[in-house]
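Participant: What follows is each chain in one-letter form.
There are 2 protein chains.
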Amino acid sequence: MSGFTIAISALIAACAYLSTIRMIPRFKDMFIKAGLYGKDLCKREQPQIPESFGVLIGCAFLVAMFLFIPIPFTFEEAALLDVKTGAKPATFPHEEFAEMIAALLSICCMILLGFADDVLDLRWRHKLLLPTMGTLPLLMVYYVNFNITTVIMPKFARPLLGYSLDIGIFYYIYMGMLAVFCTNAINILAGINGLEVGQSIVISASVLCFNIIELALGHQVDCHKFSIYLMLPFLAVSLALWKYNKYPSQVFVGDTYCYFAGMTFAVVGILGHFSKTLLLFFMPQILNFLYSVPQLFHFVPCPRHRLPKYDASTDLLHISTTEFHPEKLNKLGLLMVLVLKKLKLISWQQQSDGRVITNNFTLINLVLVVFGPVHEKVVTQFLMGLQVICTLCAMVIRYPLASYFYDT
Amino acid sequence: MSGFTIAISALIAACAYLSTIRMIPRFKDMFIKAGLYGKDLCKREQPQIPESFGVLIGCAFLVAMFLFIPIPFTFEEAALLDVKTGAKPATFPHEEFAEMIAALLSICCMILLGFADDVLDLRWRHKLLLPTMGTLPLLMVYYVNFNITTVIMPKFARPLLGYSLDIGIFYYIYMGMLAVFCTNAINILAGINGLEVGQSIVISASVLCFNIIELALGHQVDCHKFSIYLMLPFLAVSLALWKYNKYPSQVFVGDTYCYFAGMTFAVVGILGHFSKTLLLFFMPQILNFLYSVPQLFHFVPCPRHRLPKYDASTDLLHISTTEFHPEKLNKLGLLMVLVLKKLKLISWQQQSDGRVITNNFTLINLVLVVFGPVHEKVVTQFLMGLQVICTLCAMVIRYPLASYFYDT
Numbered sequence: 135m136s137g138f139t140i141a142i143s144a145l146i147a148a149c150a151y152l153s154t155i156r157m158i159p160r161f162k163d164m165f166i167k168a169g170l171y172g173k174d175l176c177k178r179e180q181p182q183i184p185e186s187f188g189v190l191i192g193c194a195f196l197v198a199m200f201l202f203i204p205i206p207f208t209f210e211e212a213a214l215l216d217v218k219t220g221a222k223p224a225t226f227p228h229e230e231f232a233e234m235i236a237a238l239l240s241i242c243c244m245i246l247l248g249f250a251d252d253v254l255d256l257r258w259r260h261k262l263l264l265p266t267m268g269t270l271p272l273l274m275v276y277y278v279n280f281n282i283t284t285v286i287m288p289k290f291a292r293p294l295l296g297y298s299l300d301i302g303i304f305y306y307i308y309m310g311m312l313a314v315f316c317t318n319a320i321n322i323l324a325g326i327n328g329l330e331v332g333q334s335i336v337i338s339a340s341v342l343c344f345n346i347i348e349l350a351l352g353h354q355v356d357c358h359k360f361s362i363y364l365m366l367p368f369l370a371v372s373l374a375l376w377k378y379n380k381y382p383s384q385v386f387v388g389d390t391y392c393y394f395a396g397m398t399f400a401v402v403g404i405l406g407h408f409s410k411t412l413l414l415f416f417m418p419q420i421l422n423f424l425y426s427v428p429q430l431f432h433f434v435p436c437p438r439h440r441l442p443k444y445d446a447s448t449d450l451l452h453i454s455t456t457e458f459h460p461e462k463l464n465k466l467g468l469l470m471v472l473v474l475k476k477l478k479l480i481s482w483q484q485q486s487d488g489r490v491i492t493n494n495f496t497l498i499n500l501v502l503v504v505f506g507p508v509h510e511k512v513v514t515q516f517l518m519g520l521q522v523i524c525t526l527c528a529m530v531i532r533y534p535l536a537s538y539f540y541d542t
Numbered sequence: 135m136s137g138f139t140i141a142i143s144a145l146i147a148a149c150a151y152l153s154t155i156r157m158i159p160r161f162k163d164m165f166i167k168a169g170l171y172g173k174d175l176c177k178r179e180q181p182q183i184p185e186s187f188g189v190l191i192g193c194a195f196l197v198a199m200f201l202f203i204p205i206p207f208t209f210e211e212a213a214l215l216d217v218k219t220g221a222k223p224a225t226f227p228h229e230e231f232a233e234m235i236a237a238l239l240s241i242c243c244m245i246l247l248g249f250a251d252d253v254l255d256l257r258w259r260h261k262l263l264l265p266t267m268g269t270l271p272l273l274m275v276y277y278v279n280f281n282i283t284t285v286i287m288p289k290f291a292r293p294l295l296g297y298s299l300d301i302g303i304f305y306y307i308y309m310g311m312l313a314v315f316c317t318n319a320i321n322i323l324a325g326i327n328g329l330e331v332g333q334s335i336v337i338s339a340s341v342l343c344f345n346i347i348e349l350a351l352g353h354q355v356d357c358h359k360f361s362i363y364l365m366l367p368f369l370a371v372s373l374a375l376w377k378y379n380k381y382p383s384q385v386f387v388g389d390t391y392c393y394f395a396g397m398t399f400a401v402v403g404i405l406g407h408f409s410k411t412l413l414l415f416f417m418p419q420i421l422n423f424l425y426s427v428p429q430l431f432h433f434v435p436c437p438r439h440r441l442p443k444y445d446a447s448t449d450l451l452h453i454s455t456t457e458f459h460p461e462k463l464n465k466l467g468l469l470m471v472l473v474l475k476k477l478k479l480i481s482w483q484q485q486s487d488g489r490v491i492t493n494n495f496t497l498i499n500l501v502l503v504v505f506g507p508v509h510e511k512v513v514t515q516f517l518m519g520l521q522v523i524c525t526l527c528a529m530v531i532r533y534p535l536a537s538y539f540y541d542t
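Chains V and U, in that order, are what the protein sequence lines are.
Its first residue numbered 135, the first sequence is counted upward by one per residue in our numbering.
Its first residue numbered 135, the second sequence is counted upward by one per residue in our numbering.
No lab work stands behind these hints, which were simulated from the structure alone.
Note that this is a predicted model, so its numbers are computed, not measured.
Check the hints yourself; a few may be wrong.
Chain copies aren't distinguished; within one or between two, either way the pair holds.
To be verified - Lysine-lysine pairs mimicking DSS-like chemistry, simulated, CA-CA at most 30 Å apart: (1) K162 x K173; (2) K511 x K289; (3) K377 x K359.
Chain V on its own, in the form it takes in the complex (with noise of 0.2 Å):
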């Protein structure tokens, strides 16, 4: 039966990524026409690209989505039903339904929101309230259906903490800052054409590999037919999105697929119940965020714009740069870059004056630094290949691994 369902989302996908395909191009004009467009920096002619096409993605995969909802139910119920009188059974599956149906709300609110960002260039203190509000509906089913807000400890802490801990409140608190971080997290490490696509597509090409795996190992079947049922179409729309966002980029995606595909992460990991190996495969937007964090909280000077410096006469991307005086950063900003500084993480230019030269803390960045000047296209290529190899780890980390630290 359940192959069965999978099958047909995997048709309802395929659908949405060939009607996708067809749409981004007709609406190209309309983006343009509407002010939703942006130089690309990183071209010899910077060429307006329509941007915010996310707002169509999401939209196209809410429609895949509406019309997949009554399938599993649909053969759910008819497999359920008594033969007999032909009734409804008692045991239509009400909960997973209103999953389901909780879990597009979020996401729905999320482009909503997304959109509006792209639109109106909210502030930055609404970028953290947005996706907590987007998380309510999540947070609330899960209050509803299963509130289970107790952590199973890693074996060493058990003799300390005990086999359990029922940590309440604070795993709502979890919970919705997940949702915060996977929506951050994606568009902070944005910026070069089709990074932010590419990254996705390779985070969910992952999560439906973990969920294909579990399946096949009998864990947790429905947690992970749910993951499934939204990430196919997910995948599709985005790799319809890869198809115009890859360098040289046709379309930009706007905050609004940022927000929509951490969103979906979000949502996938908390009511699959598989929050933790999801982390693991966000390691390079983990990454990237602690090498920010200097310049997001401020020890060090934070330019609006931390995207690489663009050479028109070699075609290759350079290191942005940012400069500070040592001496005028407060005594963890120095510790910081320091650490980054001995760890041969960060450029560093020392000038007669006393200011000193680096290049701004982002992942993009720090590619260049390692590499030196390279072609946009090998960045993304680069960064994505990086997003599989940190896969592979986490696929290392939670099946041998595990083991080591909790009962399989």
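Starting from the structure of chain V, add chain U where the hints point.
Facilitator: Leaving out everything else, chain U in the frame of chain V:
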């Protein structure tokens, strides 16, 4: 118990009102900076007014609903809780929970699509397609939870068609069309300061009165409670918007608000099982639609804007006009205009060259045909008054008259 949850809903609605009142002025500049503004053509100075505030109102409504939803379910759950074990009851109202979430999903989709329409200026076919898409979650939950497609026949039709008739798929088509009608009906009775919000306030107040009467009579308690939970915060945020949108408008509402309001009404009508009564409250919109038919379906030439003409010297509104050669209309079109002329529902100026100049076929212009040029504020007040009268008629039809057609 239900009195208590309604009180909490009212409290949350009051908070939503107060915070929306504070938020609206703060967002004005942000909307203007984003290019979301329009000229108010019916003012001497033609000021630039920020547009699409429906999106802000819609978000405020969603947040209020998200905060409210756990309440009824927590309390109903507590009331049912097994005293000895503290276990969750098997009777947790998952069906109603799924209904509420699906309702919000439909509304959220509609806000997203409305905002996309305001920003991207979508084509006419999208305006019919999009509400249909937005209704999908709603129809799905109806299919899963009820799937009742049987219509009770009015008494006079029973000898012919029997007591009831299962119209199957046509019931879903009816519900889909109801949503399309509600969203567009408010959108075409619009264009002067405060009218969209004013009519929505009257309709939602009417629905609330109807719900309270039915609750008092003990009819279908769950359905009417459901409707009240949605209508209270809707009325609250609409009243907040009214404060800034009434004559002279400081903000415009955009298609977003019309779609949002229309879908909210469709949702309570469909899931509250009173779609026929709801249509009675929509009488002015139905009249406006019927009156507009000759122009909407291009039997008579239809200019892009059918707003009344503003006379700056007197500060009054005059009818806007269209012109045609009666002999160039097709037969159906000619019949329509001759009937309207006979009933004195249109102005009629025969020119020497055979052309005829009439008013544009909208309720707003009809008011001006009947009462002559009046002030913009008066037109809105008049149409809101008409809406109130229609509500009173609806109540008379619903209560004393319905017993002639149906068993009560």
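Participant: At most 30 Å between CA atoms: does that hold for K377 and K359 within a copy, between copies, both, or neither?
Facilitator: within (28 Å within a copy, 48 Å between copies)
Participant: At most 30 Å between CA atoms: does that hold for K162 and K173 within a copy, between copies, both, or neither?
Facilitator: Close inside one copy (14 Å) and across copies (27 Å); limit 30 Å.
Participant: Using 30 Å as the alpha carbon limit, work out where K511 and K289 are close: within a copy, between copies, both or neither.
Facilitator: neither (44 Å within a copy, 73 Å between copies)
In summary, the structure is inconsistent with hint 2 from the numbered list given earlier, while agreeing with all the others.
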